[in-house]
Amino acid sequence: MNKKIKFGVIVFPGSNCDADCLWAIKDVLHQDAEFIWHESKNIENYDVIVLPGGFSYGDYLRSGAIARFAKVMEKINDFVNKKNKFVIGICNGFQILLEAGILPGAMLHNKNLKFICEYVNLVVENNDTPFTNKCEKGQVLKIPIAHGEGNYYCDDKTLNKLIKNDEIAFRYSTLKGEITEEANVNGSVYNIAGILNRKKNVLGMMPHPERAMIEELGSTDGKYIWESLINFIKKS
Amino acid sequence: MQNYEIAITDEVLKEHNLKRDEYENILKILGRKPNLVELGIFSAMWSEHCSYKHSKPILKKFPTKGKYVLQGPGENAGIIDTGFDIGIAFKIESHNHPSAVEPFQGAATGVGGILRDIFTMGARPVAVLDSLRFGNLNSAKTQHLLQGVVSGIAFYGNCVGIPTVAGETVFEPCYDDNCLVNAMTVGVVDKKKIKKGIAKGVGNSIMYIGALTGRDGIHGASFASAELNEENQKRRSSVQVADPFMEKLLLEATLELIDKNLIIGIQDMGAAGLTSSSSEMAFRAGTGVEIYIDRVPKREQGMNAYEVMLSESQERMLLVCTKKNEKKVEKILKKWGLHAVKIGKVIKEQKFIVYEKGKKVADIPIRALTDSDYKYFPLKKQKGKKPTYLENSTIKISDIKEPENPEEVLKKLISSPNISCKSNIWRQYDHMVQTNTFTLPGSDSAVINIKDRDIMLAMATDGNGRYVYLDPFKGGMIAVAEAARNVSMSGAMPVAFTNCLNFGNPEDPEVFWQFEKAVEGMAYAAKILKTPVISGNVSFYNESVKEAIYPTPVVGMVGYIKGDKKNYAKQYFKSEGDIIVLLGITKEEIGASEYLKEIHGLVKGPVPDIDLKKEIGLQKTCIEGIRKGIIKSAHDISKGGFAIALTESCISARLFGAKPIGAYVELQSDIRLDALLFGETQSRAIVTVEKDKVMQLKKIAIKNKILATEIGKTGGNRLIINIDWASKKYSKKINLTLEELENLWLNGVNKYV
Chain B
621 MNKKIKFGVI
631 VFPGSNCDAD
641 CLWAIKDVLH
651 QDAEFIWHES
661 KNIENYDVIV
671 LPGGFSYGDY
681 LRSGAIARFA
691 KVMEKINDFV
701 NKKNKFVIGI
711 CNGFQILLEA
721 GILPGAMLHN
731 KNLKFICEYV
741 NLVVENNDTP
751 FTNKCEKGQV
761 LKIPIAHGEG
771 NYYCDDKTLN
781 KLIKNDEIAF
791 RYSTLKGEIT
801 EEANVNGSVY
811 NIAGILNRKK
821 NVLGMMPHPE
831 RAMIEELGST
841 DGKYIWESLI
851 NFIKKS
Chain Z
34 MQNYEIAITD
44 EVLKEHNLKR
54 DEYENILKIL
64 GRKPNLVELG
74 IFSAMWSEHC
84 SYKHSKPILK
94 KFPTKGKYVL
104 QGPGENAGII
114 DTGFDIGIAF
124 KIESHNHPSA
134 VEPFQGAATG
144 VGGILRDIFT
154 MGARPVAVLD
164 SLRFGNLNSA
174 KTQHLLQGVV
184 SGIAFYGNCV
194 GIPTVAGETV
204 FEPCYDDNCL
214 VNAMTVGVVD
224 KKKIKKGIAK
234 GVGNSIMYIG
244 ALTGRDGIHG
254 ASFASAELNE
264 ENQKRRSSVQ
274 VADPFMEKLL
284 LEATLELIDK
294 NLIIGIQDMG
304 AAGLTSSSSE
314 MAFRAGTGVE
324 IYIDRVPKRE
334 QGMNAYEVML
344 SESQERMLLV
354 CTKKNEKKVE
364 KILKKWGLHA
374 VKIGKVIKEQ
384 KFIVYEKGKK
394 VADIPIRALT
404 DSDYKYFPLK
414 KQKGKKPTYL
424 ENSTIKISDI
434 KEPENPEEVL
444 KKLISSPNIS
454 CKSNIWRQYD
464 HMVQTNTFTL
474 PGSDSAVINI
484 KDRDIMLAMA
494 TDGNGRYVYL
504 DPFKGGMIAV
514 AEAARNVSMS
524 GAMPVAFTNC
534 LNFGNPEDPE
544 VFWQFEKAVE
554 GMAYAAKILK
564 TPVISGNVSF
574 YNESVKEAIY
584 PTPVVGMVGY
594 IKGDKKNYAK
604 QYFKSEGDII
614 VLLGITKEEI
624 GASEYLKEIH
634 GLVKGPVPDI
644 DLKKEIGLQK
654 TCIEGIRKGI
664 IKSAHDISKG
674 GFAIALTESC
684 ISARLFGAKP
694 IGAYVELQSD
704 IRLDALLFGE
714 TQSRAIVTVE
724 KDKVMQLKKI
734 AIKNKILATE
744 IGKTGGNRLI
754 INIDWASKKY
764 SKKINLTLEE
774 LENLWLNGVN
784 KYV
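Chains as they are written, first to last, in the numbering used here: chain B, 621 to 856; chain Z, 34 to 786.
Chain B with its partners taken away, still in its complex shape (with noise of 0.2 Å):
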């Protein structure tokens, strides 16, 4: 059962976390994984995907508005519908997501219209997915955000879709897990910071949990999220 997970870090132009996803998962983690060039076409072989932040194709048009198009994501679907196929996409990741129509919804730019780079407080909302199951339910999570976009928007039909199917991973909160006004550091609707497709292989977020690995840096609750794919991937 040591068989180490195989992860593939997408590179698109602009992508400037791809390299942190790298040692998040092979330094910190001791798993493999290796870049994936936006122009390749071949990913069945690996078991998660992870689509990192950054500024894809500059942020031209919107976050995630190229990116979309680049060639690797036409097989994004097909492995998507694979079983035992994992996609994680984080900050620009999660854009790109949404741009794809592979989760729903669309961002907008922050409520105070600026970059906003800080450690934030997560509440797990549902800890029976793939990339939960070692948190708590209602624990939470310490990690940072680093976005201009990131205000999460949908309408009430699909929010209340995602609420009902168990589709929202984490919420903005306080430190004690308290869903606040004020806590909703960028105004995203129902305090959004993560959400996942509804079979549950994919989960978009805006925090960073690659870079909240070791204590240095501030935290290390980021790794709840990867030890948990990890773990699903293990048992599974």
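Keep in mind that a hint or two might mislead.
[Stated by the list, open to error] Taking lysine-lysine and the DSS-like style, the derived pairs with C-alpha atoms no more than 27 Å apart in a straight line are:
| id | chain 1 | residue 1 | chain 2 | residue 2 |
| --- | --- | --- | --- | --- |
| 1 | Z | Lys174 | B | Lys731 |
| 2 | Z | Lys378 | Z | Lys293 |
| 3 | Z | Lys174 | B | Lys646 |
| 4 | Z | Lys226 | B | Lys843 |
Derived by calculation from the structure, the hints in this document are not laboratory data.
Assemble chain Z onto chain B, guided by the hints.
Same frame as chain B, but now just chain Z:
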């Protein structure tokens, strides 16, 4: 075919910022009249910005060598040795004039330029620092500039993915018309792969990579070499436009080219664009260049040789490679979605030759453009004169009324523009990307980890313009000492620095005197502290019709934290019950302080004294104490003095996700209350240790001839300072809640950002 023949009138020379005697020299160099293209090339290369014609003789006073120096000044950036297989490249540069006119683009392109200076050396940028100066915070103009500059820096650095980790922001009315935007970048380079800006090898190809050439920024270098007035305030076309996405691609492509050893030399097309990059590369190699204008990729139709040679369009680089490698270079650029175009070649004759449609449109000896030792180079032998304002620039301390209520003073200072928290500024910067930022913004220096090596970097910028204004020599010394002190507070040994020298018009003998004395002070401190200068930049003409700025040298210091333990410290109190120790002695000095300005409305000296031997002792004490794990927190005493440093040590915890911890302190002293609490005596720090480690710290301090005084302990949620005088009636007390102090501190500058 365009005709570049022109009649040289005073008007034409003025437009090109050339003096009549400089023009006479051009005639002697060429042996004929220059055409318009040539005049433009001379204008750019002989601008202060490119030629350093006023500053060069003075800059020679800086020590530039040392056991750590791999590359000193004169290249795109300096490099220091880590003792491992890697070197650390860094440099600071100004983008003051563009930012004053167009803050967002001006600041953004400033970051872009300094990033390129670092990665052209083959170094991957790991951190950006910004040193900013604005006018009166209450003015609408300042608030506009502040927001524009901060969002410009954020826009650029965040996109490229380089963390912006440290810096300072200072407000003084003298910067009302001339804000200062100095950006520094630090990079890590494989020592075997260091690249330089050289055009070596006759017959080799000159390739152009990156963005297209447009009409933006034409004459940027000469724009930056004149005072700002109403006329050139309108010169927004002299400000370039930033494209950080292009920069990111260029960065990756360049590092790949260097990694695969495909190029001989490379340089950023910065100020004076294609002209300066190609001529400087040729000069360093002792060669010449031929440039074919028609091949230069252009953004706009109908651009002529004059415009192409002087454009300062951003995100462009020039490289030299062998003919054999041209195709390989093109292939890598193509992978990153960029073009590589051969636009010229290296020639034997040391000449700068430009062809347009087969016709020679410029033919100039290289040395005339770049070599300050060249006979006709317009090097100035300016003489300085002590400014008259200095005759009446000091107070007698006995003339200053002592404050009745120290609590009120503390509250006013902690919320004042230069002391209050700047977190809303750095919150807009991605300061965590690359997962190396071990000390986030808000401490005395940032700490950047280097993965897989037993070394970390501490870095800080500093430069107190008011000190330099009131005493240029001492102010220069303190700028270097304080930047080094900041780095040592993290536990790092200061190694070397870069500097950005922001001054007024050097043709004014009084400004020149400030410049010369400030450099002498910095050079002296650099020698004593053994921290050589490895790179830098001079920005003159920071002057408006109304006034010149304070002479403002900014020092960007880098230090090493070595050893497998990688012990380092931050400024805030770590736990309750720790012993607070004051390192250093406090003198009766209130001159030039924030206190004197904020409370008494006076900008007057004397600037605090500095004894560099004491300074070294203090720094060594902190470095050793931190390395041995004895010191748990360390914060230097600077703006606002002891009481402010102590308050910050209590309340800055929250910036790092920790809970603020109060302090109970007893001071016994016979000096004035205001000097004791708010004076800015140099070479002091507040550190904390666990109770059983006080003796160990004292031993280290004694060894370094530094006084270490136990003054109290941490704990609770109040800041309490009891001041005990021999005569009880003078005894005073500060007793405030951290909550109140924190609110004041967080709502000073932050509400304007």
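Structure-based check of all given hints:
1. Z/Lys174 / B/Lys731: holds, 24 Å
2. Z/Lys378 / Z/Lys293: Measuring from Cα to Cα gives roughly 22 Å; hence the hint holds.
3. Z/Lys174 / B/Lys646: violated, 49 Å
4. Z/Lys226 / B/Lys843: violated, 35 Å
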